[in-house]
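These are the residues of each chain, in order.
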Amino acid sequence: MASQHGAPPVFNNKVVAWIDHRLPIFSYLEKEYHTFPTPRNFNYFWNFGAIATVMLVLMIVTGIVLAMNYTPNSELAFDSVERIMRDVPSGWLIRYMHMTGASFFFAAVYVHIFRGLYYGSYKAPRELLWMLGVVILLLMMATAFLGYVLPWGQMSFWGATVITNLFSAIPVVGDSIVTWLWGGFAVDNPTLNRFFALHYLLPFIIVAVVALHVVALHVHGSNNPLGIDPKGPQDTVPFHPYYTMKDGFGLTVFLIIYAAFVFFAPNSLGEPVNYVQANPLVTPNEIVPEWYLLPFYAILRSIPDKLGGVIAMFGSIALLFVLPWLDTSRVRSCTFRPIYKWFVFVLVIDVLVLGYCGAHPPEGGFVIASRLATIYYFFHFLVLLPILGKIERPLPLPPSIADAVLKKKAV
Amino acid sequence: MRRSIVSGVLALAALGMGTVAIAASDEPELKEQHWHFKGPFGTYDRAAAQRGFQVYKEVCSACHSLNLLSYRNLEQLGLNEAQVKGIAAEFQVPDIGDDGSAIERPARPSDHFKKPFPNELAAAAANGGKAPPDLSVIIKARSGGPDYVYSLLTGYVPFDQLKPEQIKEFHVTKDDNFNLYYPGHRIAMPPPLADGKVQYVDGTKNTLDQQVRDVVEFLAWASEPHLEERNRTGIRVILFLLALSGLMYAVKRQVWADQH
Numbered sequence: 001m002a003s004q005h006g007a008p009p010v011f012n013n014k015v016v017a018w019i020d021h022r023l024p025i026f027s028y029l030e031k032e033y034h035t036f037p038t039p040r041n042f043n044y045f046w047n048f049g050a051i052a053t054v055m056l057v058l059m060i061v062t063g064i065v066l067a068m069n070y071t072p073n074s075e076l077a078f079d080s081v082e083r084i085m086r087d088v089p090s091g092w093l094i095r096y097m098h099m100t101g102a103s104f105f106f107a108a109v110y111v112h113i114f115r116g117l118y119y120g121s122y123k124a125p126r127e128l129l130w131m132l133g134v135v136i137l138l139l140m141m142a143t144a145f146l147g148y149v150l151p152w153g154q155m156s157f158w159g160a161t162v163i164t165n166l167f168s169a170i171p172v173v174g175d176s177i178v179t180w181l182w183g184g185f186a187v188d189n190p191t192l193n194r195f196f197a198l199h200y201l202l203p204f205i206i207v208a209v210v211a212l213h214v215v216a217l218h219v220h221g222s223n224n225p226l227g228i229d230p231k232g233p234q235d236t237v238p239f240h241p242y243y244t245m246k247d248g249f250g251l252t253v254f255l256i257i258y259a260a261f262v263f264f265a266p267n268s269l270g271e272p273v274n275y276v277q278a279n280p281l282v283t284p285n286e287i288v289p290e291w292y293l294l295p296f297y298a299i300l301r302s303i304p305d306k307l308g309g310v311i312a313m314f315g316s317i318a319l320l321f322v323l324p325w326l327d328t329s330r331v332r333s334c335t336f337r338p339i340y341k342w343f344v345f346v347l348v349i350d351v352l353v354l355g356y357c358g359a360h361p362p363e364g365g366f367v368i369a370s371r372l373a374t375i376y377y378f379f380h381f382l383v384l385l386p387i388l389g390k391i392e393r394p395l396p397l398p399p400s401i402a403d404a405v406l407k408k409k410a411v
Numbered sequence: 001m002r003r004s005i006v007s008g009v010l011a012l013a014a015l016g017m018g019t020v021a022i023a024a025s026d027e028p029e030l031k032e033q034h035w036h037f038k039g040p041f042g043t044y045d046r047a048a049a050q051r052g053f054q055v056y057k058e059v060c061s062a063c064h065s066l067n068l069l070s071y072r073n074l075e076q077l078g079l080n081e082a083q084v085k086g087i088a089a090e091f092q093v094p095d096i097g098d099d100g101s102a103i104e105r106p107a108r109p110s111d112h113f114k115k116p117f118p119n120e121l122a123a124a125a126a127n128g129g130k131a132p133p134d135l136s137v138i139i140k141a142r143s144g145g146p147d148y149v150y151s152l153l154t155g156y157v158p159f160d161q162l163k164p165e166q167i168k169e170f171h172v173t174k175d176d177n178f179n180l181y182y183p184g185h186r187i188a189m190p191p192p193l194a195d196g197k198v199q200y201v202d203g204t205k206n207t208l209d210q211q212v213r214d215v216v217e218f219l220a221w222a223s224e225p226h227l228e229e230r231n232r233t234g235i236r237v238i239l240f241l242l243a244l245s246g247l248m249y250a251v252k253r254q255v256w257a258d259q260h
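These protein sequences, in sequence, are chains A and B. Residue 1 is where the first sequence starts when you use our numbering, and the numbers rise one by one after that. Residue 1 is where the second sequence starts when you use our numbering, and the numbers rise one by one after that.
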């Protein structure tokens, strides 16, 4: 696809031409972000990759400013965050943007993943593109967890204790690994120090993997709602200005909702108890992660065995790596998969149920519900998906994108 | 377009879930109050917060610290520099003198609020083994926020008005303080406020309800001193983004016109 362009661009500006002759960054931008042929039939779901990228940049920028004012010491961390909130000029804004930004980054990425699931964006030839995306998700989860520990509130401390303790489930070496992670025999100052160092490091690794994700995307170009390949220029439009403008519009709408939370309900997505300074002697009534990790937390707790729970939790994400091979259907888009289409929504409901269970103490009905939902989650990927691809009769695919788009207009 | 609305609803539902899930619990429903600082246009009622400071100073501060605040912060509540200097000077704070010896001197506006106890151990020892919590962010640190603190401070039930089953279920004795809203109901803090406890300098009627509302207003400000600036900025930002998205939509339509 990328090789289909015409002659290389000619730059009128002499400086630009001089640089480009030696380091073709302008040619690259021209090719990949201007003339890049993009399917003409994207819906608004295709905004969320760009939105997630903007959120990543926003998190890094606000994070660097926060790091300038934060003190990674167990005695001082909590007060240093409050100092940012009270005395650092606009510190409250930077911190609330960062705090709420984590939630909205995840929200954007989850919609982006749903888009990939529904329209089969993970299928050949985009398997590696999808797998790099799963790596990004894992890195995001690690980064979010590490960052949540930094304010050194009660939930920071006890969340860190619970999650690091998971590694003790590993046979033989588990306890040594936990001691190594902690840098001591309990979650304490050394733990906070290394978590801060890693929280600063991982986002840049995310940037690197995002770069690979984009490179992989630009080899075969984007998938589209019909899931069929563009067959010629009539099926595509140049990325700029068509999709830069559409992404720009989607982004501003997203930012309106984000701003509403930042300015009017910044603490509604967090746990109040994290405004109590960490106290190793007092355990909070309930230890729960942030909303975006709740479904995985529910899977962890649904298995009565600790090691089993850890395996199930990591397994639920590891499954996504092999998703391209679990799905046996050759049709990408759910638009043409009359049965599977509904099961994607059932999966979404299943994950929401898991999230709801994850927020509640594992008692009574929540135990049963989270076990059933966990079983269904694995059933979906391991049984339903491979079988459905064989027995489902997909609807006839349109001959081309242009054909489908023009027909729809005529109706 | 319809699909993207569905996706938006789904995303919001996912976002909402965490909060809804936490709100559900078997504690009695909080007494929901109308607060001056609620909502996107909320501001702090300066007069109420000043009265609340008086309640804190005369009652709460005997046991509860307010570590994150400095006397200078009181200027935000409408007190002038001289008044703040005067308030600070009422307190003797520990310091180190020019010759290196430990001294006490009158507090300055730049000093943090004086702690009732020199350290946490002393606070715990003087209060039956557990230090009273710092109140700097108490409104943000409790689910239900201002409504919880209001309900708690007005939620005491005297021993002789308790039902026998309450006494039995929660193992209440004559020396315990029973509070409807405190988790577990037995609270170490005796009822701190009552009708007529604080004589307001501005002549406001000093009912229990009034004192509690005032001190909650003060503590809400202490927890979130930049709320007014946040609300003002938020409204401007959202208006700007609305205008920008309208513009973006118009440009997008214009750009796409030749493709439809």
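Keep in mind that the hints were calculated from the coordinates and are not lab data. All values reported here derive from a predicted model rather than from experimental measurement. Hints may contain errors.
[Stated by the list, open to error] Listed below are several chain B residues computed to face chain A (Cβ distance under 7 Å; list not exhaustive):
# : residue
1 : Pro225
2 : Arg232
3 : Arg236
4 : Ile238
5 : Leu244
6 : Tyr249
[Claimed, not checked] Now the stretches of chain A that chain B is said to cover, found in silico as 3 or more residues with beta-carbon under 8 Å:
# : region
7 : 86 to 100
8 : 242 to 248
9 : 261 to 269
[As the list claims (entries may be wrong)] Listed next, with one range per pair, are the computed distances between beta-carbon atoms:
#  : chain 1 : residue 1 : chain 2 : residue 2 : range
10 : B       : Lys130    : A       : Glu363    : 24 to 34 Å
11 : B       : Asn127    : A       : Ile177    : 39 to 49 Å
12 : A       : Ala186    : B       : Gln166    : 47 to 57 Å
13 : B       : Ala89     : A       : Ala260    : 37 to 47 Å
14 : B       : Trp256    : A       : Leu23     : 45 to 55 Å
15 : A       : Glu363    : B       : Ala89     : 53 to 63 Å
16 : A       : Trp325    : B       : Glu169    : 19 to 29 Å
17 : A       : Val215    : B       : Lys130    : 22 to 32 Å
Note that CB positions come from ideal geometry on N, CA and C, so glycine has one too.
Verification of the supplied hints:
A cut of 7 Å between beta carbons decides the hint on Pro225 (chain B): the least distance to chain A is about 6 Å, and the hint holds. Using the Cβ-Cβ criterion of 7 Å, the hint placing Arg232 (chain B) at the interface with chain A is not satisfied: the shortest such distance is roughly 9 Å. Violation of the interface hint for Arg236 (chain B) is found here, the shortest Cβ-Cβ separation to chain A being roughly 9 Å, above the 7 Å cut-off. Using the Cβ-Cβ criterion of 7 Å, the hint placing Ile238 (chain B) at the interface with chain A is satisfied: the shortest such distance is roughly 5 Å.
Annotation: interface hint on Leu244 (chain B) holds; nearest CB of chain A at approximately 5 Å, less than 7 Å. A least Cβ separation of about 5 Å between Tyr249 (chain B) and chain A falls short of the 7 Å threshold, and the interface hint therefore holds. Taking a C-beta to C-beta cut-off of 8 Å, the region 86 to 100 of chain A contributes 4 residues in contact with chain B, enough for the three needed, and the coverage statement holds. For the region 242 to 248 of chain A, the assignment as covered by chain B holds, since 4 residues bring a beta-carbon within under 8 Å of that chain's beta-carbons and 3 suffice.
Interface restraint, the region 261 to 269 of chain A with chain B: holds (7 residues with C-beta to C-beta distance below 8 Å; minimum three). For Lys130 (chain B) paired with Glu363 (chain A), a C-beta distance near 28 Å keeps the hint of 24 to 34 Å intact. Range check, Asn127 (chain B) to Ile177 (chain A): about 41 Å between beta-carbon atoms, so the 39 to 49 Å window is met. Remark: the range hint 47 to 57 Å for Ala186 (chain A) to Gln166 (chain B) is contradicted by a beta-carbon distance near 39 Å.
At roughly 44 Å, the beta carbons of Ala89 (chain B) and Ala260 (chain A) sit within the given window of 37 to 47 Å. Taken as a hint, the range 45 to 55 Å is violated for the pair Trp256 (chain B) and Leu23 (chain A), whose Cβ atoms sit roughly 34 Å apart. Checking the proposed 53 to 63 Å range against Glu363 (chain A) and Ala89 (chain B) shows it holds: the Cβ atoms sit about 55 Å from each other. With their beta carbons about 57 Å apart, Trp325 (chain A) and Glu169 (chain B) fall outside the hinted range of 19 to 29 Å.
Taken as a hint, the range 22 to 32 Å is violated for the pair Val215 (chain A) and Lys130 (chain B), whose Cβ atoms sit roughly 58 Å apart.
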